[in-house]
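Q: Note that the protein sequences, when read in sequence, are chains A and B.
Just so we're aligned, residue 876 is where the first sequence starts under my numbering, counting upward by one.
Just so we're aligned, residue -19 is where the second sequence starts under my numbering, counting upward by one.
In short, the hints are calculated from the structure, not lab data.
Quick reminder that beta carbons are idealized off the backbone N, C-alpha and C, glycines included.
Warning: the hint list may mix true and false statements.
[What the hints assert, rightly or not] So the derived label-pair ranges between C-beta atoms look like this:
#  : chain 1 : residue 1 : chain 2 : residue 2 : range
1  : B       : GLN526    : A       : VAL1058   : 52 to 60 Å
2  : B       : ASP135    : A       : PRO1036   : 26 to 34 Å
3  : A       : PRO1036   : B       : LEU192    : 35 to 43 Å
4  : B       : PRO336    : A       : GLY1002   : 25 to 33 Å
5  : A       : VAL1058   : B       : MET76     : 38 to 46 Å
6  : A       : ASN935    : B       : SER(-9)   : 51 to 59 Å
7  : A       : GLY1002   : B       : PRO492    : 54 to 62 Å
8  : A       : GLY1002   : B       : LYS216    : 31 to 39 Å
9  : A       : GLY909    : B       : GLU315    : 50 to 58 Å
10 : A       : VAL1058   : B       : PRO32     : 51 to 59 Å
11 : B       : ALA260    : A       : ASN935    : 44 to 52 Å
12 : A       : ALA907    : B       : PRO32     : 41 to 49 Å
13 : B       : PRO316    : A       : GLY1002   : 49 to 57 Å
14 : A       : GLY1002   : B       : GLY397    : 38 to 46 Å
Listed below are the residues making up each chain.
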Amino acid sequence: MSDNQVTNILVVGIGGQGVMTATEILAEAAIALGHDAKKTEVAGMAQRGGVVSSHLRFGNKVLSPQIMAGQADLLVGFEAAETMRWCHYLKPGGLVLMNTARIVPPVVDIGLYDYPADPIAEIKSRGYRVHAFDAMAIAMELGDVRLGNTVMLGAMADHLPFPPQVLLDAILKRFSQRKPHMVEVNRKAFEAGRAADKAANQLSHAEAAA
Amino acid sequence: MAAVMPQPAASRLLLSGNEAVARAVWESGCRVAAAYPGTPSTEMLEVISTYPDIYAEWSVNEKVSLEVAIGAAFAGSRSFCAMKHVGMNVASDALMTLTLTGVVGGLVIAIADDVGLSSSQNEQDSRYWGRFAHLPMFEPADSQEAYEMTKAAFDLSEGFQCPVILRMTTRINHVKALVTVGERVAHAATGFKKEPARWVMTPAGAGKRIPLMFERDKALRAEAEISPLNIVETGKDRRVGFVSSGPAWMHVRESFPDAPALKLGFSCPVPIEKIRAFAATVDQLVVVEEVEPLVEMELKAAGIACLGKDILPRQGELAPNVLKPAIAKLLGEPEPVGLKPLGRATPVPASVFPRPPTMCVACPHLGVYYTLSQLKNITIAGDIGCYTLGAGHPWNALDTTISMGASMGIAMGLDKGRAEADKDKRILAVIGDSTFLHMGMQGLLDIVYNGGNVTVLLLDNRAVGMTGGQANPGSGKGIHGQETPRVDFAKLVESLGVKKERIHVVDPYQLPVLFKTIREEVKVPEVSVIITNQPCVLIDDYKKQQPYEVIAYKCTGCGNCVDVGCPAIHVTRREKVIKPSGKEVELQFVNIETAACTGCGLCVQPCAPEAIVHADLTKPMRLVRH
Ligand SMILES: Cc1ncc(C[n+]2csc(CCOP(=O)(O)OP(=O)(O)O)c2C)c(N)n1
Ligand code: SF4
Ligand code: SF4
Ligand code: SF4
Chain A
876 MSDNQVTNIL
886 VVGIGGQGVM
896 TATEILAEAA
906 IALGHDAKKT
916 EVAGMAQRGG
926 VVSSHLRFGN
936 KVLSPQIMAG
946 QADLLVGFEA
956 AETMRWCHYL
966 KPGGLVLMNT
976 ARIVPPVVDI
986 GLYDYPADPI
996 AEIKSRGYRV
1006 HAFDAMAIAM
1016 ELGDVRLGNT
1026 VMLGAMADHL
1036 PFPPQVLLDA
1046 ILKRFSQRKP
1056 HMVEVNRKAF
1066 EAGRAADKAA
1076 NQLSHAEAAA
Chain B
-19 MAAVMPQPAA
-9 SRLLLSGNEA
1 VARAVWESGC
11 RVAAAYPGTP
21 STEMLEVIST
31 YPDIYAEWSV
41 NEKVSLEVAI
51 GAAFAGSRSF
61 CAMKHVGMNV
71 ASDALMTLTL
81 TGVVGGLVIA
91 IADDVGLSSS
101 QNEQDSRYWG
111 RFAHLPMFEP
121 ADSQEAYEMT
131 KAAFDLSEGF
141 QCPVILRMTT
151 RINHVKALVT
161 VGERVAHAAT
171 GFKKEPARWV
181 MTPAGAGKRI
191 PLMFERDKAL
201 RAEAEISPLN
211 IVETGKDRRV
221 GFVSSGPAWM
231 HVRESFPDAP
241 ALKLGFSCPV
251 PIEKIRAFAA
261 TVDQLVVVEE
271 VEPLVEMELK
281 AAGIACLGKD
291 ILPRQGELAP
301 NVLKPAIAKL
311 LGEPEPVGLK
321 PLGRATPVPA
331 SVFPRPPTMC
341 VACPHLGVYY
351 TLSQLKNITI
361 AGDIGCYTLG
371 AGHPWNALDT
381 TISMGASMGI
391 AMGLDKGRAE
401 ADKDKRILAV
411 IGDSTFLHMG
421 MQGLLDIVYN
431 GGNVTVLLLD
441 NRAVGMTGGQ
451 ANPGSGKGIH
461 GQETPRVDFA
471 KLVESLGVKK
481 ERIHVVDPYQ
491 LPVLFKTIRE
501 EVKVPEVSVI
511 ITNQPCVLID
521 DYKKQQPYEV
531 IAYKCTGCGN
541 CVDVGCPAIH
551 VTRREKVIKP
561 SGKEVELQFV
571 NIETAACTGC
581 GLCVQPCAPE
591 AIVHADLTKP
601 MRLVRH
């Protein structure tokens, strides 16, 4: 990695899913390692179920906070169609980590638009690598949907330019300050996310071989 | 958000531009801070209110917030006010005379432009105010600069005895970046000194202050010429040199690291001579400014050749994806490479449905719009708030939106200016509590005074919902959550002259009552006010109830509940059927996302077959819907 190389991570989903918090934790991890970091999103009305895309750039020195189309090193999608919406932000051949959950907006419910039939296939057809898993189901298994966020962070952990432990520390630091009783279950969620990513990775290799 | 116990000095914190300004305001010893919420400016006051030793308030509108700050500055306190771009339109009456009196205590006004329209009714360039009001302006390019420039702005304000405008944009207000913070230095108020020639702006008094303002302009320009906030970065590729400010500066540096560039931090008055000298060192000068060609026009007027809006857009952000191709074209180079996945020239987005913001599950506005969507032969003047979303699906029940409070006057004009063909149309106006108190009351008074025939729906949800549920005089709470007197809207509108029998307070979850009240009031040929009285679901006053679910076999697919527009209701299946009358209808079978449903009971009411019942909470809740 050259001196002024900047890592670009795009995290996307919908308002209320914790996208911005996830990016903030990632940013804290990067800062803990001494990186410069900038995080941006335009989410004025995100509270009300709109699209959220959160950009994180870190490295020696970060100038523009925005990731441009075709530049993201990693795309993390908290929702299937949203992942598809933003996949062109990835570098050619880039990696997508995605939650397979589908959150259907009212405009689809009332029949004005269709939900894409197969977002994963669509993303793959563009030449990107996809690790897909059901983060909501994993979180529910651990007893709380809100853990979905940590599951997603766990899935990212092996694709960052720093060791997974740094990210885990950033997560646990947050919880130990705000909700100490949630520390252990978040550690589990993180490991479950890592495992889900690994399994999805093996699956994508198996598919490629088949 | 910062804690009440502020982080120690010298900490490096990840702060948004808004948080950085708040910290700097506090450190600068500011004593009074006031604002009316508005994206992307809101968090400045929210965070300031968490610091000790500083008075903070949510004012009823931006003009009042500025006036509060002016009064404090007249009393010799350092003061601050913040607003979104359109807020200054409201506050400008005070600003335009404030520039003549000037201040004693430092006064900093932060204006947040929504470049790119993330959540505003227009995109305007607040840098005009610096020119219009003859006031100095700083433009930070990231959080650290927002922090430093806020501090510098207080010093400049006191040095020149005039307010200083801090111009920010969404891409500064909401971007988080590292900031090294410092200590608070207290500034005691110097006290109000009577000086009528300065503080009482009569025509004669103002006439004497105008030449002083022009003198100040000159001195400020000289200051800008030498200001350390305006810097030149040299570069070896001199084919194009850039002049830029704000977030566009970062995009310029990102896109053209080898080009010489001049950064305007103290951007008004423009340091013309500094730019002239810089221009002489490059082949071509390009001004990169969001959004209007202000600096460009001033440079051209000063005889400095430059390009700007002839090659760059006059709307939206000037990010690298805009800058790189424009400059490549200027230099006769091919479209920049490196952004070419799969051989395409530019990455093409996949086609995915839009996901517009929706009203919250169980929002008290849902019942109002469901009712309005059932009424015929009406025109609805809308206003600004969450209820603006009523213009969208499935209600399509809002016909105009202009500016805060405008629903009143516009409804009046729709009434008085109606065409012959529209003589039986009923005119309604929909306005929220905060918007009503901000700028709507005067319009209602106008309707009453001048005999308008308008049915006003005043949606009192005890909060400024749109900007995140802040308190207002209608919520009975202040910025710190402290108790305050609470406006009694029924009494208020009665005292404006609305007849007592034309004022109704209704529960927006009681659809039959709401429907009947609206239908009857629109028939009455005079002004009526219908006030809804249930809280925004975001605030503490809102209490969840037992959620509902749909009994699938009982659902006839009539779709009535879907028309309510609650995002917890989902269509699971559609089916086309031919009715006995021969008409084809599409049935929509639904379920309710029980984990999201708060049991407001709205959708239950139009369900004839009683398919919607309280959920059995012993079963696992449905979370993800397909
Ligand atoms: C002059 C101006 N100031 C601030 C705003 C930002 N803003 C948009 S809507 C709104 C108020 C909404 O509150 P309310 O009328 O109570 O409606 P609610 O969102 O609660 O339904 C504000 C402050 C604006 N658009 N214009
Ligand atoms: S924030 Fe409040 S007013 Fe706005 S949509 Fe949600 S519930 Fe309704
Ligand atoms: S009762 Fe119906 S309208 Fe109310 S929150 Fe539940 S699903 Fe939404
Ligand atoms: S209103 Fe009742 S019957 Fe009609 S679609 Fe909704 S649940 Fe089904």
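Q: Does each hint fit the structure? Answer for all of them.
A: Checked hints:
no.	hint	in the structure
1	B:GLN526 to A:VAL1058: 52 to 60 Å	violated (32 Å)
2	B:ASP135 to A:PRO1036: 26 to 34 Å	violated (41 Å)
3	A:PRO1036 to B:LEU192: 35 to 43 Å	violated (58 Å)
4	B:PRO336 to A:GLY1002: 25 to 33 Å	holds (30 Å)
5	A:VAL1058 to B:MET76: 38 to 46 Å	violated (56 Å)
6	A:ASN935 to B:SER(-9): 51 to 59 Å	violated (21 Å)
7	A:GLY1002 to B:PRO492: 54 to 62 Å	holds (57 Å)
8	A:GLY1002 to B:LYS216: 31 to 39 Å	holds (36 Å)
9	A:GLY909 to B:GLU315: 50 to 58 Å	violated (37 Å)
10	A:VAL1058 to B:PRO32: 51 to 59 Å	violated (30 Å)
11	B:ALA260 to A:ASN935: 44 to 52 Å	violated (33 Å)
12	A:ALA907 to B:PRO32: 41 to 49 Å	violated (29 Å)
13	B:PRO316 to A:GLY1002: 49 to 57 Å	violated (20 Å)
14	A:GLY1002 to B:GLY397: 38 to 46 Å	violated (58 Å)
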